[in-house]
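Enquirer: Using the sequences and the hints given, assemble the complete structure.
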Amino acid sequence: MEKFLLAFLVGGAICVLGQILLDVFRLTPAHMTVTLVVAGAILGGLGLYEPLIEFAGAGASVPICSFGNSLVNGALSEAERHGIIGVLTGIFEITSAGISSAIIFGFLASLIFKPKG
Amino acid sequence: MLQGQQSWIFANRPVLLATAVAGGPFEARSAIAADFDILHDDIWLGQSSFEKAEKKLLEEACQTSIQKAGLQKEDIQFFFSGDLMNQIISSSFAARTLGIPYFGLFGACSSSMEGLALAAFVVNAGGARYALTACSSHNGSVNKQYRYPTEYGAQLPPTAQWTVTGAGAAVVAAQGVGPRVIGATIGRVIDLGVTDPFNMGAAMAPAAVDTIIAHFRDFNLDASHYDLIATGDLGKVGHAIAADLLRRQGIVIPENIFTDCGVLIYQGQQQVMSGGSGCACSAVVTYGHFFNRMLKGELKRVLIVATGALLSPLSYQQNESIPCVAHAVALEWEGV
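In the order they appear, the protein sequences are chains A and B.
Per our numbering, the first sequence runs over residues 457 to 573.
Per our numbering, the second sequence runs over residues -14 to 321.
Hints were generated in silico from the structure; no laboratory data involved.
Take the hints with a grain of salt, since some may be wrong.
[Claimed, not checked] Calculated cross-link-like contacts (lysine-lysine; reagent style BS3-like; alpha-carbon spacing at most 27 Å): (1) LYS570/A to LYS129/B; (2) LYS285/B to LYS221/B; (3) LYS37/B to LYS129/B; (4) LYS129/B to LYS572/A; (5) LYS221/B to LYS129/B; (6) LYS37/B to LYS570/A; (7) LYS572/A to LYS37/B; (8) LYS281/B to LYS53/B; (9) LYS53/B to LYS285/B; (10) LYS37/B to LYS58/B; (11) LYS37/B to LYS53/B.
[To be verified] Which chain B residues stay away from chain A? Per the calculated CB distances, all over 12 Å, these: (12) LEU206; (13) ARG233; (14) LEU249.
[As the list claims (entries may be wrong)] Far from chain A, some chain B residues (derived; all Cβ distances over 12 Å): (15) ILE(-6); (16) LYS53; (17) GLY55; (18) ASP60; (19) ASN71; (20) VAL107; (21) GLY112; (22) GLN254; (23) GLY282; (24) SER300.
Ideal Cβ positions, reconstructed from N, Cα and C, are used throughout, including at glycine.
Expert: Here it is in structure tokens:
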């Protein structure tokens, strides 16, 4: 039960942050999303995001900042194995499943559904 | 002919011979649904894109207004039309269908009155026996171009507005029975530095106020001359700002006279944030609702101040502020 509560609180806090970026700082939805991705990447690079996931579970792994963390983690682990070129090849290492499925399912949805306006 | 600094008075009083308005499914539930000539229950109008649907709305409004005037399209000398699409494709493609010599206008949502002012000027000067003026907008096509595609699901702030899916057209004639076009005031482009494209009402309000003040000055009138003064699409937020700005200039227009097409068009359960917007907003309310009220004798003297935000998606991305313009046209119904 405690797990659920922590996930709810941490995930909710990240969403509140996003809402504040929209409402107070007047960011566009795209800018807000990118800001959260970059924040996740920085925290990941500093080694702070993984502990947050351990602490809050899905509360930290589901929001978009987790994507930034995964980008950096992939780049860092590939860099360890293959040197500097690994930074480039590793960026989409972990996230490729997410990106590919977004493209494929987006495409499939567009075949079946029509925008309602 | 020139009146004051930036206005025309039409000595021959061209006639608004016939009008027609078309709308989509959301407009079919609006407060002025009964004033539409054509309503569609499909936002696509059976077309393969929103842009094609918008062009079809415009064509329908134009063809119906010509029909209601008892004319053929060959009788119309000139067609003045504008819309919000890049390169005003809705207007130009409708002009291709109609085959009437064409002036394409871009005044964003002020295009309705820009078109009516120019059509009336040409008819008044003997440049045409009949001129057609129209404009259109479509919620789907406008959201796609200016904001986010609806299916992206972006949140909208309470200052945002709902683009009207519709088109309005009017036949202006040298002679006939109908409300008369008395005069027009052409607005300056005003930019007070608002950069938020989700608060168009606040951006456009100063332009509306500038044109209203210029109109009163040029014609030496005050608000009591009119039964109704309606701005185009300021919405609730912009309308309140406009009323406030006018008050600071010492002009108080009673609430039963001063209104806004974007506030009037939708009702109760329809979630449109601050109100309606888009080229079609002032066009359908004026050529539908106000026109009918004039014919019924409920309104005698009306001033329509159509407001337009002259931004592009690119100018906004490059952090430019939003220049705005408003054009006013005075109509008068003298009875049959």
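Enquirer: Are the hints correct? Go through all of them and say.
Expert: Here's how the hints hold up against the structure:
1. Only pairs whose Cα atoms come within 27 Å are accepted, and LYS570/A paired with LYS129/B is accepted, the gap being roughly 14 Å.
2. For the given pair, LYS285/B sits about 25 Å from LYS221/B by alpha-carbon distance, which is consistent with the 27 Å threshold.
3. Annotation: proposed proximity of LYS37/B to LYS129/B holds, straight-line Cα distance about 13 Å (limit 27 Å).
4. For the suggested pair LYS129/B and LYS572/A, the alpha carbons sit about 12 Å apart, so the restraint of at most 27 Å is met.
5. Taking the CA atoms of LYS221/B and LYS129/B, the gap is near 24 Å; set against the 27 Å cutoff, the hint holds.
6. Distance check on the hinted pair: LYS37/B and LYS570/A sit about 15 Å apart at the alpha-carbon level, within 27 Å; holds.
7. Under the criterion of a C-alpha separation no larger than 27 Å, the hint pairing LYS572/A with LYS37/B is consistent with the structure, at around 15 Å.
8. For the hint linking LYS281/B to LYS53/B, the alpha-carbon distance of about 17 Å falls within 27 Å, and the restraint holds.
9. For the given pair, LYS53/B sits about 22 Å from LYS285/B by alpha-carbon distance, which is consistent with the 27 Å threshold.
10. Straight-line distance between C-alpha atoms of LYS37/B and LYS58/B comes to about 21 Å, which keeps the hinted pair within the 27 Å bound.
11. Distance hint between LYS37/B and LYS53/B is fulfilled; the C-alpha atoms sit about 24 Å from each other, no more than 27 Å.
12. Every Cβ of chain A is farther than 12 Å from the Cβ of LEU206/B; the closest lies at roughly 40 Å, confirming the non-interface assignment.
13. Distance to chain A confirms ARG233/B as a non-interface residue, since its nearest Cβ pair spans about 26 Å, more than 12 Å.
14. Listed as a non-interface residue, LEU249/B keeps its Cβ farther than 12 Å from every Cβ of chain A; the least gap is roughly 22 Å.
15. With 12 Å as the threshold on Cβ separation, the claim that ILE(-6)/B sits away from chain A holds: the shortest Cβ distance comes to roughly 42 Å.
16. Every beta carbon of chain A lies more than 12 Å from that of LYS53/B, the smallest distance being close to 28 Å; the non-interface claim holds.
17. At the 12 Å boundary, the C-beta of GLY55/B stays outside the reach of chain A, the nearest C-beta of that chain being 35 Å off.
18. No beta-carbon of chain A is positioned within 12 Å of the beta-carbon of ASP60/B; the least distance is around 35 Å.
19. For ASN71/B, the requirement that its beta carbon stay farther than 12 Å from each beta carbon of chain A is met, with the minimum near 19 Å.
20. Against the 12 Å criterion, VAL107/B stays outside the reach of chain A, whose nearest CB is about 36 Å from its own CB.
21. Every C-beta of chain A lies more than 12 Å from that of GLY112/B, the closest at about 39 Å, which supports listing it as non-interface.
22. Against the 12 Å criterion, GLN254/B stays outside the reach of chain A, whose nearest CB is about 18 Å from its own CB.
23. The claim that GLY282/B lies off the interface holds: its Cβ sits roughly 37 Å from the closest Cβ of chain A, which is beyond the 12 Å cut-off.
24. With a minimum CB-CB distance of about 15 Å to chain A, SER300/B clears the 12 Å threshold, and the non-interface call stands.
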